[in-house]
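Engineer: Protein sequence lines correspond, in order, to chains A and B.
The number in our numbering is simply the position in the first sequence, starting from 1, with 40 added.
The number in our numbering is simply the position in the second sequence, starting from 1, with 40 added.
Watch out, some of these pointers could steer you wrong.
Copies of the same chain look alike in the list, so a pair counts if it fits in one copy or across any two.
What the hints assert, rightly or not - In the DSS-like style, the derived pairs of lysine-lysine whose C-alpha atoms are separated by at most 30 Å in a straight line are: (1) Lys327 <-> Lys408; (2) Lys564 <-> Lys409; (3) Lys327 <-> Lys391; (4) Lys327 <-> Lys409; (5) Lys327 <-> Lys258.
Honestly, the hints are just simulated from the structure, not real lab data.
Number of protein chains: 2
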Amino acid sequence: MLKMGASIINGGVSFRVFAYNRKRVALVVHRNGREEVFPMTEEEPHLYSTVLEGAGPGLLYKFRLDDEGDFPDPYSHYQPEGVHGFSQVIDHNSYRWQDENWRGRNLEELVIMEIHVGTFSQEGTFKGVLERLDYLRELGVNAIELMPVVQTPGRWNWGYDGANLFSVNNNYGTPDDLKQLIDSCHREQIAVILDVVYNHFGPEGNYIPVYGPYLTDKYQTPWGPAVNYDDRYSRYTRKMVLDNIRYWLEDYHIDGLRLDAVHAIKDSSPIHILQEIALTVRNLSLKQNRRKFVIAESDANDSRLINPLDRGGYGMDAQWMDDFHHCIHTVLTGEHQGYYIDYGWPEYLEKVFKNYLYTGQYSRYWGKKRGTDGSRNPGRQFVVAIQNHDQVGNRGWGERLAALVDFPYLKAAAGLLFFAPYVPLIFMGEEYGEKNPFLFFTDYQDPELKRNISLGRKEEFKKFGWQEIPDPQDPATFYRSRLTPRRLWREENRRLFRYYRDLIALRLSHPVLKEPDKRNLEIKVDGVSRLV
Amino acid sequence: MLKMGASIINGGVSFRVFAYNRKRVALVVHRNGREEVFPMTEEEPHLYSTVLEGAGPGLLYKFRLDDEGDFPDPYSHYQPEGVHGFSQVIDHNSYRWQDENWRGRNLEELVIMEIHVGTFSQEGTFKGVLERLDYLRELGVNAIELMPVVQTPGRWNWGYDGANLFSVNNNYGTPDDLKQLIDSCHREQIAVILDVVYNHFGPEGNYIPVYGPYLTDKYQTPWGPAVNYDDRYSRYTRKMVLDNIRYWLEDYHIDGLRLDAVHAIKDSSPIHILQEIALTVRNLSLKQNRRKFVIAESDANDSRLINPLDRGGYGMDAQWMDDFHHCIHTVLTGEHQGYYIDYGWPEYLEKVFKNYLYTGQYSRYWGKKRGTDGSRNPGRQFVVAIQNHDQVGNRGWGERLAALVDFPYLKAAAGLLFFAPYVPLIFMGEEYGEKNPFLFFTDYQDPELKRNISLGRKEEFKKFGWQEIPDPQDPATFYRSRLTPRRLWREENRRLFRYYRDLIALRLSHPVLKEPDKRNLEIKVDGVSRLV
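Bound-form chain A, shown alone:
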């Protein structure tokens, strides 16, 4: 196992990078206000390395590829100056972990809050989350799921525009800040799930494709050419992803991963990359004697994704199930635009508490049959929500449910969520009925990209009949999306918070609810009209 990127070794730092079809590759170091260049050796075809004696943590560096330019390390662990800047050497052995007694948590006992670090607190940092652990404990959630924390362009971003897989976002803090947050969560018995993106790379500052065939034209995805998992030289992509899995679980003590949109991960290899990811997580879990898990986001309703490796499944411990959200959302709001066209009948609720809603039937939105049977998969394999960053933020105006329906309906929805035989996830702010939107915001610096994102967003929502939606590049769009500080809450916020707190406590303590079992569940929907 060759170690890629910068690694601290005895007496210096070792560097290694895959650079496809280059003639000369060099390490460019920035120190004492000066640039120094060290040629690298091609130790294997396309694989360059060197050792810098006497160097240590904090060193700033890039790699020079022929005369094409200097680029950040695809394995950069930190980009203190952002996606375009120098990579920094990080020492992962310096942080003193305090969580040696932490054994992790089982999926079936989780109540998760999804958190966007940048808008969760006024500070918008890991420290901002850390300072609110008391709040989370008061509410009673026992897991947080951080939207992606890797380096993104500009000052703010949802996280899915990550420039590489390893660099902690400098807008959120330092690697040690993230470790401190995770360590403190473990002290509070809160598991930390990290959202990771292996289906595309961000549109700005992503230099990974400069280094080699990390993308392939074999498949197209919504983001262009697919990440290369089965074409020539795909072993470097596969290694990078598996290295990344180990990195978060070992160097950062992350408890679980949430893989973004795995339906856009195209792989026809005999062993699917998701199977290798699952195995890697299982092996680490055994090695560390800590419960670790991997949850996939997928719109495919394909139970193979969550079936055991031992039965030829992809071995994901769980998956997001959007059908659950859509059934409740459409019944509560009466909406039927876009993909909501496939939902809206209250009686659907009966099925979606036991299975995917679409288990092979024709979908009007998809224009084809959709889904497989998931009735035999236990409830702990499905993470469900009545709100999440996507379902809120992908609306033109980013309206949370609290901005769409009255408070009694919010309570009804929460009841459905916490009584479901699934793993409940709430979206930060949901617990007190936040009315600020969660908008789609970006801070691209590239002029063309800035223009395109603003226009593109408008175009996208025309088909929904939504006009004049907020500009993602407008700083106000970000600022409007931040949570309301607790001191500014109204009485109805406090009331809903207490309701959530009590429901969560009930969920976690009631003998029936705390071990949800969908086989012993009976669901009956009375009445046939929509609720609104």
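Chain A is fixed; fit chain B onto it per the hints.
Structural biologist: Here is chain B on its own, set in the frame of chain A:
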């Protein structure tokens, strides 16, 4: 997935080979009494390929590496002239399979006969086995396990001196002969298990290491440097092994694999090659909708080997458990030489019907603590025997149990075997009390190897106090090891055969025995003295 070796394509044959650090690689073809040479292109570093238009099945070829010589293809599917000769292009699509309704068999229902093709019949061929399927049906076994069938040096060999992983042994017949045997077995509802060797390559005619770093000095094994599963360029070894798994399961419809001595497979990669093998088998099983399995031979008594992939195990469906054999063998024979020193007490039988015997205790033979707890692994995960090729053939004189103890004891041993809550395996000839030995025989052609093997064998057995053992290179050693034709059986052979037949029928039909469950088993050993 690049296809290695020779593949029939539209209008010709495609060739591809990994040849490490070569300047010139060429395809050498032998046709119409002439040699033709075609330079190959380095399509990736160290990876050479070419297409020969107009060529087809039957073509003889080698690869020329610089000026070092011409060598058989490491992926050769057939060596009609033996290990040193030309490789032959095989068309795997020409055989017409008749087994489309075959769904495979579950491990827990198996009664296996281990067969060495060369000595099973007078012919010593696949056809020789095929012609005796009636006999196997009469006996009632529902699975055969073929000792390795790949090309070995000379006219006979146990099979573990395979020169590569893909070439059907020309002493046994052709690829189509093997397919016909398997196809016919499936017609008779007999599963076919194949013994495959991934822990070493044979000592003669093995040109695989000429092609690249398929071996590594990182570890030593009884056969010298280990097969390279985790050192530089190990991806080519790993690919070769995984390609080989798929080859037998897809092109030959093999139902199960028995991996030889996996404790000698050294791999410190994050995902162990055995886990990849297990996953490959699971994926193919699902794809073909046929039950497929993989059984490992291991002396480690390590339950991780057979624990599920989903719990970080290596995912082997089952393993051989020698402890079971040793407990019975020592009690019956009173032997205590070599590793039998750790066995011999009748009360051990109680434990070995529920678990490994060595589950962490100190072993005198090993000089250290040995084993883990296997009590929670179901009985179907353990293949047990009272005789097998190793326990018989690794004796200096290759005595079968029938040559060591009286017939009543043979019957008692068989009773223990078929009443055990494990998967029973018998060694060909055991069922009628064959008294011919199964000796260690070789037919090396290399003069130095011939001398060494004869001397080495004598040396090896000195420590057992066994002198003047048969010379492995002596043709008589092979001929003496063949089974006695049925027409020459004595009455006691016929009687034991009927006894085995009845026991097997009972095992497969009795409600308690046919679904063996070691949890509901009670074993009590009366008396404390050895049986002899």
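Engineer: So, for every hint listed, does it hold in this structure?
Structural biologist: Hint check:
1. Lys327 <-> Lys408: between (44 Å within a copy, 23 Å between copies)
2. Lys564 <-> Lys409: Intra 26 Å, inter 59 Å, cutoff 30 Å: intra-copy only.
3. Lys327 <-> Lys391: The answer is between: 29 Å across copies meets 30 Å, while 39 Å in one copy does not.
4. Lys327 <-> Lys409: between (42 Å within a copy, 21 Å between copies)
5. Lys327 <-> Lys258: Between copies, since 23 Å is at most 30 Å while 37 Å is not.
Against the hints set out earlier in the document, no violation occurs for any number.
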